[in-house]
Amino acid sequence: MAGTQTPAAAGGNGVAIIVYKSTFDIAMMPMMIAQGALAMGMEVSIFYTFFGLNAIKKGFNPKLPGMWSLFTGMIKKKMASHKVRPYDEMLRDCIARGAKVYGCSTSMAVMGVTKDQLVDGIEIAGVATMLDMAADAGTMLTFG
Amino acid sequence: MAGTQTPAAAGGNGVAIIVYKSTFDIAMMPMMIAQGALAMGMEVSIFYTFFGLNAIKKGFNPKLPGMWSLFTGMIKKKMASHKVRPYDEMLRDCIARGAKVYGCSTSMAVMGVTKDQLVDGIEIAGVATMLDMAADAGTMLTFG
Amino acid sequence: MAGTQTPAAAGGNGVAIIVYKSTFDIAMMPMMIAQGALAMGMEVSIFYTFFGLNAIKKGFNPKLPGMWSLFTGMIKKKMASHKVRPYDEMLRDCIARGAKVYGCSTSMAVMGVTKDQLVDGIEIAGVATMLDMAADAGTMLTFG
Numbered sequence: 105m106a107g108t109q110t111p112a113a114a115g116g117n118g119v120a121i122i123v124y125k126s127t128f129d130i131a132m133m134p135m136m137i138a139q140g141a142l143a144m145g146m147e148v149s150i151f152y153t154f155f156g157l158n159a160i161k162k163g164f165n166p167k168l169p170g171m172w173s174l175f176t177g178m179i180k181k182k183m184a185s186h187k188v189r190p191y192d193e194m195l196r197d198c199i200a201r202g203a204k205v206y207g208c209s210t211s212m213a214v215m216g217v218t219k220d221q222l223v224d225g226i227e228i229a230g231v232a233t234m235l236d237m238a239a240d241a242g243t244m245l246t247f248g
Numbered sequence: 105m106a107g108t109q110t111p112a113a114a115g116g117n118g119v120a121i122i123v124y125k126s127t128f129d130i131a132m133m134p135m136m137i138a139q140g141a142l143a144m145g146m147e148v149s150i151f152y153t154f155f156g157l158n159a160i161k162k163g164f165n166p167k168l169p170g171m172w173s174l175f176t177g178m179i180k181k182k183m184a185s186h187k188v189r190p191y192d193e194m195l196r197d198c199i200a201r202g203a204k205v206y207g208c209s210t211s212m213a214v215m216g217v218t219k220d221q222l223v224d225g226i227e228i229a230g231v232a233t234m235l236d237m238a239a240d241a242g243t244m245l246t247f248g
Numbered sequence: 105m106a107g108t109q110t111p112a113a114a115g116g117n118g119v120a121i122i123v124y125k126s127t128f129d130i131a132m133m134p135m136m137i138a139q140g141a142l143a144m145g146m147e148v149s150i151f152y153t154f155f156g157l158n159a160i161k162k163g164f165n166p167k168l169p170g171m172w173s174l175f176t177g178m179i180k181k182k183m184a185s186h187k188v189r190p191y192d193e194m195l196r197d198c199i200a201r202g203a204k205v206y207g208c209s210t211s212m213a214v215m216g217v218t219k220d221q222l223v224d225g226i227e228i229a230g231v232a233t234m235l236d237m238a239a240d241a242g243t244m245l246t247f248g
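Protein chains in written order, with the working numbering: chain A, 105 to 248; chain B, 105 to 248; chain C, 105 to 248.
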């Protein structure tokens, strides 16, 4: 799955992201950053935990938070007109291009989410993997 | 604009911040961190995206989230009594002292925000700039 | 307090965390990461600021955000069944095992929180300490 990553990406030239909520704004940011980073030849790894886990379930349809949720459709159209691709398309594309995407094992157990409910190509991992991915990456981001 | 930064600040001695919401608490944190970092001779760059974009519009008046918003005035007074300066004053001061402040180009396009609506001295940038600023900084923080 | 940390932990092999909210999900994440990091021999430092300050007050009982708060008890039971220990026990244990835990001095002053209201072993610190802890750590995370 990491076949498209350049050797130069090892040892710090990567982006690691933790996502812990799943509203539209939160879900989109790691995707847009991942797309940019992959285009620049960087390694990308994303770890989804707690409420963030929803964002990697098949058929997930993100909405803006609170009262803003009513405007989600309008914002999606607006983003599409500015060449931002739909969320699920970007997620599948990131995985196909070599991004490592993880679902948090503890969150999955607690919320009763199984691997087959997750988008294809996503791996299950725990805190140790997340700390490793953070240590390996030059840039570490959290969104939630 | 980066004229006050020391040469020693290059190569890791800097703070890069992404801000993606704009309630009072979220808006204040990067300002207080920036003030401290600039005083210590560190480079500072801040990238405002999604809901965070509001925080760099002229005339922005941050409020605490949800029901806490009713207490915003009280908290602002309390902070002033502890020598914390008003938000807009700190933002202008950070820029004047060499902090690089960016508005996310995609967010601006989607929300219909133009450069003249932003506080003077703020630049427009995309994901590539944000990844560069993260790679250059020793410390990367996200607030939202 | 840092007696259990290995020398190898100096100069980058550490985790620094800023916590700026205090719902159950936000409070738990740094604890679970800290437990994992301490088990791997890493240095851990956590800085609690703004709404995050609540999470280090004695007797703090975290709840899930918004309407989810009704399900907090159910989730806690579920987590306990998956060997996740209670929040307050993990916090005290992290401190006992050498994690450095800080309450933000400005937040404490503004919210009128005193040191004796905080869990034993927690230190009071400002932005300069937080920037130092971030510069020393290889991995920097924010949760809120």
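To be clear, the hints were calculated from the coordinates, so they are not data collected in a lab. Values in this document were obtained by computation on a predicted structure and should not be read as measured data. Among the clues, some could well be false.
Since copy identity is lost for identical chains, a pair holds within one copy or between any two.
Claimed, not checked - Here are the simulated SDA-like cross-link-like pairs (lysine to any residue), alpha carbons at most 25 Å apart as the crow flies:
id, residue 1, residue 2
1, Lys161, Met144
2, Lys180, Ser209
3, Lys187, Val223
4, Lys162, Asp240
5, Lys167, Asn117
6, Lys181, Gly116
7, Lys182, Phe164
8, Lys161, Met171
Exercise. Which hints from the list above does the structure break, by number from lowest to highest?
Worked result: 1, 4, 5 and 6
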